[in-house]
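Throw the hints in and build the complete structure from the sequences for me.
Here are the chains, one letter per residue:
There are 2 protein chains.
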Amino acid sequence: MDGRKIKNMEEFATVSGISRPTVSKYFNDPSSVRESTRKRIEDALSHYDYRPNIYAMNQNRRLTKTIGVVVPYLADPFFAEIARNIERRCIDAGFSPILLSSHGQQSFEIDIFESLRSLKPAGVLLAPLGRTSDLTAVERFCEDVPTVLFDSFLPDVGEAFIGSNNDQSISMIVEYLCRTGQAPCFLEMEAPVNPNAKRRHAAYVAAMEKLGHEPHIFKASGTGWEFEEIGYREGLRVLSKNSMPSNTILCSNDRLAIGVLAAAYEKGLRVGIGSGSALRVAGHDDHPFSRFTCPPLTTVTQDYAAITERSVETLFALIDSGVRNASRTTTLFDGHLVMRASA
Amino acid sequence: MDGRKIKNMEEFATVSGISRPTVSKYFNDPSSVRESTRKRIEDALSHYDYRPNIYAMNQNRRLTKTIGVVVPYLADPFFAEIARNIERRCIDAGFSPILLSSHGQQSFEIDIFESLRSLKPAGVLLAPLGRTSDLTAVERFCEDVPTVLFDSFLPDVGEAFIGSNNDQSISMIVEYLCRTGQAPCFLEMEAPVNPNAKRRHAAYVAAMEKLGHEPHIFKASGTGWEFEEIGYREGLRVLSKNSMPSNTILCSNDRLAIGVLAAAYEKGLRVGIGSGSALRVAGHDDHPFSRFTCPPLTTVTQDYAAITERSVETLFALIDSGVRNASRTTTLFDGHLVMRASA
DNA sequence: AATTAAAATTTACGCGCGTAAATTTTTTGT
DNA sequence: ACAAAAAATTTACGCGCGTAAATTTTAATT
Numbered sequence: 001m002d003g004r005k006i007k008n009m010e011e012f013a014t015v016s017g018i019s020r021p022t023v024s025k026y027f028n029d030p031s032s033v034r035e036s037t038r039k040r041i042e043d044a045l046s047h048y049d050y051r052p053n054i055y056a057m058n059q060n061r062r063l064t065k066t067i068g069v070v071v072p073y074l075a076d077p078f079f080a081e082i083a084r085n086i087e088r089r090c091i092d093a094g095f096s097p098i099l100l101s102s103h104g105q106q107s108f109e110i111d112i113f114e115s116l117r118s119l120k121p122a123g124v125l126l127a128p129l130g131r132t133s134d135l136t137a138v139e140r141f142c143e144d145v146p147t148v149l150f151d152s153f154l155p156d157v158g159e160a161f162i163g164s165n166n167d168q169s170i171s172m173i174v175e176y177l178c179r180t181g182q183a184p185c186f187l188e189m190e191a192p193v194n195p196n197a198k199r200r201h202a203a204y205v206a207a208m209e210k211l212g213h214e215p216h217i218f219k220a221s222g223t224g225w226e227f228e229e230i231g232y233r234e235g236l237r238v239l240s241k242n243s244m245p246s247n248t249i250l251c252s253n254d255r256l257a258i259g260v261l262a263a264a265y266e267k268g269l270r271v272g273i274g275s276g277s278a279l280r281v282a283g284h285d286d287h288p289f290s291r292f293t294c295p296p297l298t299t300v301t302q303d304y305a306a307i308t309e310r311s312v313e314t315l316f317a318l319i320d321s322g323v324r325n326a327s328r329t330t331t332l333f334d335g336h337l338v339m340r341a342s343a
Numbered sequence: 001m002d003g004r005k006i007k008n009m010e011e012f013a014t015v016s017g018i019s020r021p022t023v024s025k026y027f028n029d030p031s032s033v034r035e036s037t038r039k040r041i042e043d044a045l046s047h048y049d050y051r052p053n054i055y056a057m058n059q060n061r062r063l064t065k066t067i068g069v070v071v072p073y074l075a076d077p078f079f080a081e082i083a084r085n086i087e088r089r090c091i092d093a094g095f096s097p098i099l100l101s102s103h104g105q106q107s108f109e110i111d112i113f114e115s116l117r118s119l120k121p122a123g124v125l126l127a128p129l130g131r132t133s134d135l136t137a138v139e140r141f142c143e144d145v146p147t148v149l150f151d152s153f154l155p156d157v158g159e160a161f162i163g164s165n166n167d168q169s170i171s172m173i174v175e176y177l178c179r180t181g182q183a184p185c186f187l188e189m190e191a192p193v194n195p196n197a198k199r200r201h202a203a204y205v206a207a208m209e210k211l212g213h214e215p216h217i218f219k220a221s222g223t224g225w226e227f228e229e230i231g232y233r234e235g236l237r238v239l240s241k242n243s244m245p246s247n248t249i250l251c252s253n254d255r256l257a258i259g260v261l262a263a264a265y266e267k268g269l270r271v272g273i274g275s276g277s278a279l280r281v282a283g284h285d286d287h288p289f290s291r292f293t294c295p296p297l298t299t300v301t302q303d304y305a306a307i308t309e310r311s312v313e314t315l316f317a318l319i320d321s322g323v324r325n326a327s328r329t330t331t332l333f334d335g336h337l338v339m340r341a342s343a
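Those sequence lines, one after another, are chains A and B.
Heads up, the first sequence is in the numbering used here, so the first residue is 1 and it goes up one at a time.
Heads up, the second sequence is in the numbering used here, so the first residue is 1 and it goes up one at a time.
Just so you know, these hints were derived from the structure itself, not from any lab.
Hints should not be assumed to be uniformly reliable.
Given that identical chains are not distinguished, each listed pair holds provided it fits within a single copy or across any two copies.
Claimed, not checked - Distance condition first, Cα-Cα at most 20 Å in a straight line; then the derived DMTMM-like pairs of lysine to aspartate or glutamate: (1) Lys5 to Asp111; (2) Lys65 to Glu114; (3) Lys7 to Asp144; (4) Lys5 to Glu139; (5) Lys120 to Asp49; (6) Lys120 to Glu309; (7) Lys25 to Asp320; (8) Lys120 to Glu139; (9) Lys198 to Asp92; (10) Lys5 to Asp144; (11) Lys5 to Glu143; (12) Lys198 to Asp334; (13) Lys7 to Glu143; (14) Lys5 to Glu114; (15) Lys5 to Asp43; (16) Lys198 to Asp134.
Keep in mind the model is a prediction, meaning the values are calculated, not measured.
As structure tokens, this is what we get:
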């Protein structure tokens with residue numbers, strides 16, 4: 001890149017000794033031109049400073065190289081990690097990911113659909129808000145743009161859904177907790193935004209009944225995405241009233257569990273598997289921070305590496321097959337038990 | 001939006017009864033057309049489904065309505081929160097923010113500069129990687145695009161810098177710790193990526209000497225952004241060797257402190273201000289999770305509401321004044337002490 | 001060397017919009 | 001009611017590239 005700046009493709013075609021349509025073809029797909037031609041273009045590219053104008057490129061193209069990545073709440077490290085993985089894979093595949101967060105609000109999610117529509121993305125990876133999503137808006141969006149849903153299941157929308165097998169993961173940790181101590185109570189949000197929460201609720205009840213225990217559920221009041229705060233408040237309430245029928249509590253997700261740990265600490269209750277402990281606390285998700293809680297949190301991984309990988313692969317397959325509205329596929333990945341000191 | 005779809009501005013101009021150039025003017029700046037005209041356009045807009053093609057719009061425009069927001073590591077909730085604030089403000093001001101994360105790697109940061117250049121953004125809010133940034137790359141970028149730097153200070157680049165007053169915040173918490181107990185040791189990373197770390201180091205030494213104490217610094221080995229892990233490892237090391245000259249440790253940031261708390265827990269050391277405690281731990285930043293550690297973490301807020309607000313305002317002023325390369329301004333906001341149970 | 005297939009070139013048009021200049025219409029001030 | 005100012009319209013061109021069709025060049029095959 002020692003040479004002068006090139007202002008457009010015409011000029012670049014001239015200095016590289018190739019015709020403009022061929023250069024255009026190269027930028028759309030380098031492998032679509034002959035080896036020797038590719039080399040000459042790339043030679044010129046290293047001598048001159050030129051990049052095609054992306055706006056002009058995308059103006060008439062039916063299919064841009066953009067991929068939309070939408071998560072419900074980016075300030076949650078769990079989604080931030082997922083987004084990071086997806087972004088990486090899209091770049092490696094030659095796409096330009098654009099990351100968008102719904103910030104937990106329906107209005108934002110709807111705005112995002114609008115923005116994405118006008119970006120004409122090749123495809124979208126969407127983790128919807130869930131219960132608070134505008135279902136018809138999601139539906140209409142999925143009709144316009146090839147969309148793979150992940151994390152939060154919504155009925156009858158998108159080309160595919162990839163998520164976690166909550167039945168498996170919850171029944172696994174319930175069995176573990178029952179085997180190693182008292183049967184767990186279950187703490188969840190009163191009005192969970194995430195559909196996974198409903199599945200986990202049901203899975204908990206089923207697992208308990210299968211093992212011959214009475215399910216016992218605490219519903220934390222509060223809405224929004226401040227899960228730690230909500231878990232903390234409900235934790236204080238539950239522990240104060242001494243209303244627990246067992247010394248073990250399974251939380252619907254790690255962030256609630258982190259709140260409960262804080263509440264237990266404040267109450268002076270020792271948490272852990274040891275004999276000197278008054279309480280066992282377990283979570284779900286293997287949140288990035290759950291290794292560093294005190295005590296470290298026993299939980300179940302969501303195999304987000306697998307989830308992101310499969311989501312991205314599914315979308316890519318969708319994009320270059322061009323097939324739409326094939327039968328919707330649903331893929332669920334099992335979780336793994338992560339035994340730490342809290343339960 | 002009951003009417004049919006409009007495919008371009010020409011068609012929309014026809015159905016709204018306004019000429020296309022005027023409609024174009026409206027979309028560039030609604031306030032630039034007469035009240036009555038605006039109303040007619042917005043009437044048509046509510047009856048017909050039309051949005052201008054953003055690619056065609058931006059193709060020839062000197063100034064797009066895009067604003068780039070670049071953070072060094074989005075999986076850190078601290079930056080996620082900041083990004084959320086900035087995004088909101090940009091949208092409210094009629095801009096389209098595009099969020100990008102350097103993922104802690106120089107190569108990504110450089111790629112981001114490339115992408116942003118071709119997006120021709122009106123301006124960029126950049127929190128650089130810091131020590132690992134390619135300084136000349138940042139410099140060249142800032143020459144091409146109006147850029148406001150925040151969080152991490154880099155010398156002589158950008159139109160302005162907005163950050164935290166580390167001297168003030170560190171000396172404040174050192175004074176607090178000395179007043180309420182033993183003088184603190186300081187835990188930092190051996191090779192911190194963030195320039196703030198250097199200032200905090202210096203501020204710690206200065207504050208200790210001013211108060212007549214001997215500074216004592218632990219340098220945690222390890223690189224990258226896994227601060228909790230690094231703090232945890234170094235915490236184990238320090239606490240095992242019993243090499244601390246005092247029972248109080250101030251960490252360069254909250255995430256290191258969270259790691260130290262985990263180490264102390266594992267070592268069976270009670271952390272807190274109470275008389276029964278063996279260790280006091282303090283952090284810096286008021287990380288979103290530090291309220292929920294066990295014990296809750298004593299720390300110093302970074303006033304990120306003020307930082308984001310000022311950053312955005314500065315950029316907007318820059319954009320609509322059109323002035324470049326004015327004298328660089330540096331704005332630092334003071335922190336506030338957050339006294340919790342850990343120190 | 002002749003045949004054929006593949007790739008590159010030439011030519012030409014269009015996309016959707018920005019924008020400038022000249023003109024006409026509308027609004028404002030008195 | 002009239003002149004001046006402001007806004008809208010008409011006309012026209014260009015941006016940088018995608019892309020189609022017809023033609024020519026190059027490479028692969030026998």
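Each hint tested on the structure:
In this assembly of identical chains, Lys5 and Asp111 lie within 20 Å of each other by CA distance solely across copies; the values are 19 Å between and 38 Å within a copy. Both within a single protomer and between protomers do Lys65 and Glu114 lie at most 20 Å apart by alpha-carbon distance, with minima of 18 Å and 16 Å respectively. Taking the shortest alpha-carbon separations for Lys7 and Asp144, only the inter-copy value of 15 Å comes in at or below 20 Å, while the best intra-copy value is 35 Å. Taking identical chains as interchangeable, the C-alpha atoms of Lys5 and Glu139 lie at most 20 Å apart only when they sit on different chains, with a minimum of 18 Å there against 45 Å within one chain.
When the C-alpha separation of Lys120 and Asp49 is checked against a cutoff of 20 Å, the pair qualifies only between copies, where the shortest distance is 16 Å, while the shortest distance within a copy is 28 Å. In this assembly of identical chains, Lys120 and Glu309 lie within 20 Å of each other by CA distance neither inside one copy nor across copies; the values are 23 Å within and 32 Å between. Taking identical chains as interchangeable, the C-alpha atoms of Lys25 and Asp320 lie at most 20 Å apart only when both belong to the same chain, with a minimum of 17 Å there against 39 Å between chains. Taking the shortest alpha-carbon separations for Lys120 and Glu139, only the intra-copy value of 17 Å comes in at or below 20 Å, while the best inter-copy value is 33 Å.
For a Cα distance limit of 20 Å, the shortest separation of Lys198 from Asp92 qualifies neither inside one copy, at 36 Å, nor across copies, at 35 Å. Taking CA atoms no more than 20 Å apart as the test, Lys5 paired with Asp144 passes between copies only; the shortest distance there is 14 Å, against 39 Å inside one copy. In the homo-oligomer, the alpha carbons of Lys5 and Glu143 lie at most 20 Å apart only across protomers (16 Å), although the nearest pairing inside one protomer, at 42 Å, exceeds that limit. Taking CA atoms no more than 20 Å apart as the test, Lys198 paired with Asp334 passes inside one copy only; the shortest distance there is 17 Å, against 44 Å between copies.
Taking CA atoms no more than 20 Å apart as the test, Lys7 paired with Glu143 passes between copies only; the shortest distance there is 18 Å, against 38 Å inside one copy. Taking the closest pair of Cα atoms, Lys5 and Glu114 come within 20 Å of each other only across two copies (15 Å); inside a single copy the shortest separation is 36 Å, beyond that limit. For the identical chains of this complex, Lys5 and Asp43 are intra-copy neighbours only, at 15 Å inside a copy versus 45 Å across copies, given an alpha-carbon limit of 20 Å. Only within a single protomer do Lys198 and Asp134 lie at most 20 Å apart by alpha-carbon distance; the minimum there is 18 Å, versus 48 Å between protomers.
Consistency with the previously given hints fails for numbers 6 and 9, ordered from lowest to highest.
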